[in-house]
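Sequences listed follow chains A and B, in order. The first sequence begins at 1 in the numbering used here and counts up by one. The second sequence begins at 1001 in the numbering used here and counts up by one.
Everything labelled a hint here was simulated from the structure, so no lab data went into it. Being a predicted model, the structure only gives us computed values, none of them experimental. Using N, Cα and C, we set each Cβ at its ideal position, and we do this for glycine too. A portion of the hints provided could be inaccurate.
Said to hold, decoys possible - One side only, chain B facing chain A, incomplete, derived with CB under 8 Å:
no., residue
1, I1058
2, R1062
3, T1064
4, G1089
5, S1101
6, Y1103
7, V1139
8, P1146
9, C1159
10, Y1229
11, G1230
To be verified - Here are the computed lysine-lysine pairs in the DSS-like style, where the Cα-Cα straight-line distance is at most 27 Å:
no., chain 1, residue 1, chain 2, residue 2
12, A, K356, B, K1094
13, B, K1119, A, K350
14, A, K356, B, K1140
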Amino acid sequence: MILTGVLLAVLGLGLVGWFAARGRARLLHTGRGSIHSMPGYHAWHVALWIVFPALIAWGAWQAIMPGLVDGAVMADPVAAQLPADAMSRAAILSEAKSIADNPDAVAFNPLANTLAGPVRDAHGRFGLIGALLVAIVAVAGGGWAFTRIRANFPARTRVERGVLGLLLVASLMAILTTFGIVASLVFEAGMFFKDVSPIDFLTGLHWSPGSARGDNLGDSFGAVPLFWGTIYIGAIIAMIVAIPLGLMSAIYLTQYATPTIRKWLKPMLEILAGIPTVVYGYFAALTVAPIFRDFAASLGMANPSTESALAAGVVMGVMIIPFVSSMADDALAAVPRAMSDGSLALGATKSETIKKVLLPAALPGIVAGVMLAISRAIGETMIVVMAAGAAANLSANPFASMTTVTYQIVQMLTGDQEFNSPKTLSAFALGLVLFIVTLILNIIALRVVKRFREAYE
Amino acid sequence: MTNSKLTARNVDVFYGQKKAINNVSIEIDNGIVTAFIGPSGCGKSTFLRSLNRMNDTIADARVTGEILLDGEDIYAAAMDPVALRARVGMVFQKPNPFPKSIYENIAYGPRIHGLAPAKADLDGIIESSLTKAGLWDEVKDRLNEPGTALSGGQQQRLCIARAIAVSPEVILMDEPCSALDPIATARIEELIDELKESFAIVIVTHSMQQAARVSQRTAFFHLGNLVEYGDTSQIFTTPREEKTKDYITGRYG
């Protein structure tokens, strides 16, 4: 595409401007104090003035060009044959566009073939106009900056201010993305809540989107079984595994292990955190789940299912161990040495000191770590997709198959779905609930950690 | 000397390869306050920490020679460091109350050592320890408040009360006033003077005036060596060693 080439050309022009400006500024640099800013700053000043305005112009053109292309195509005599109904119009138009991009594509609608020509023409025309526009902006910006190269021109302060702006934009990017995510979630969830009342959704006990029919939507979208499955697997079973093991390993590593053992064990524990969750997922589904199923059968359960909350929860707990252990490790290390010295000097043994002084002192940090771990566990997807099952069961039996919020989101959004059906939209409502819960958990945990740090500073 | 509580003979302390204390021999008596003085890094705190085996908690610290408590070698294999520390208590430089209530701070030691089988016994120990530490009147109505909410001087007296509560025979104090203001310091010094009736007290201090005010005997350390040891009045008026004289007259340190 022509505009991609333009982008590269702008960067090349920036490079040329950089060298030209440096050469020019070097001529002015006749000795100490003869010039306000060193030639390098003048070079960057010009280069930035070439690249940034051009990039903004490029972005703006990218945004308005599709509209201009559509307008031009509609004005073409061929477009008069398009059906009046807006939806089929748009369908034919988008087909024409894909043919214009890729001549090998086969059109479903013959009209699209005839429209492809005008589309291609309009593309070429507006692409060229855009390229010219960007080039003009780049040259104008660079030329203007170049004329300002003088001995007393404060290029250094300008460049530094520019860099400052760049850093600010970079740091805002993540925040803006978060806002974007929230906005889209809220918007789509709002669409869902037009069809299904939030009360039915949050308190209903029956989840069967597949059987949803026009008038009884509220009865099919009761999400309580999903919330229960999520909490049971992520916050109960996984934590029963992760909290004791993580805490005990942190105590061993910080208090008892010799430096050599610690040097080997800690990285090995951290490897656990680097295993892709998919791998945990099939470990849960292929290795752990059958063991639990056989165990359930030996307990006398009739027809135990291969997919079980227990298998998913236990493997998830193992996955979370390094997380809990490293948070607990930090919390224990943050307790001042004076505290344990005080206890040891009273004749307390090491284990008494750990139990009665270190752990209580580190408790807020440990609790915060556990909350972060829970928020990670309930957002975890792959393990439950592979090992927990799809049945929305409201049961306390750990051997039963259970489903979670994340699993249902995957179910609702994959495969061929109508995008505006309540079934698909329910994924966004579930996502919103999950987002709010993890956000609250994270905020509380970070607050606790902050207060805990302040207490020992 | 028959009154000797702690006896050190040819003690060396190493941190890894580095020798921090070189061949120190000293007798510490009952019923008086012994002060260790000397410039920073002279090893006085290191030596103090070897008297109740707190150096054991530092991974590469090593003590050689002999330290006797009532004639018993505290580094002997049969000696349990936990039992030793119940007999030789310690107060640290910075007040370090546990993040628990005032009551629980004091109750901690007696509970561990099973000194108070009944609640009434424990209450008695708490009252008497706080009284001896001169803190009872200030805190008797708020024993359930956290120990960390007290002022710095009160916290340090709480730590002293905590040490007293397990009825030690010796109390080691490592610069106990260095984090306190002059008024709180004066209170602690008065307290030390009262406590010497019941315990052998060893205090490390960087303040020569403090050593002169509270102690009966003074040991001067320099670069890991015990340079001079004698009655406080003698050390401060007629030091035998040139180095001691230079230090107490402020020539260095």
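Hint check:
{"no.": "1", "hint": "I1058", "verdict": "violated, 10 Å"}
{"no.": "2", "hint": "R1062", "verdict": "violated, 16 Å"}
{"no.": "3", "hint": "T1064", "verdict": "violated, 22 Å"}
{"no.": "4", "hint": "G1089", "verdict": "holds, 6 Å"}
{"no.": "5", "hint": "S1101", "verdict": "violated, 12 Å"}
{"no.": "6", "hint": "Y1103", "verdict": "violated, 14 Å"}
{"no.": "7", "hint": "V1139", "verdict": "violated, 18 Å"}
{"no.": "8", "hint": "P1146", "verdict": "violated, 10 Å"}
{"no.": "9", "hint": "C1159", "verdict": "holds, 7 Å"}
{"no.": "10", "hint": "Y1229", "verdict": "violated, 25 Å"}
{"no.": "11", "hint": "G1230", "verdict": "violated, 28 Å"}
{"no.": "12", "hint": "A/K356 x B/K1094", "verdict": "holds, 20 Å"}
{"no.": "13", "hint": "B/K1119 x A/K350", "verdict": "holds, 25 Å"}
{"no.": "14", "hint": "A/K356 x B/K1140", "verdict": "holds, 24 Å"}
Hint violations for this structure: numbers 1, 2, 3, 5, 6, 7, 8, 10 and 11, all remaining hints satisfied.
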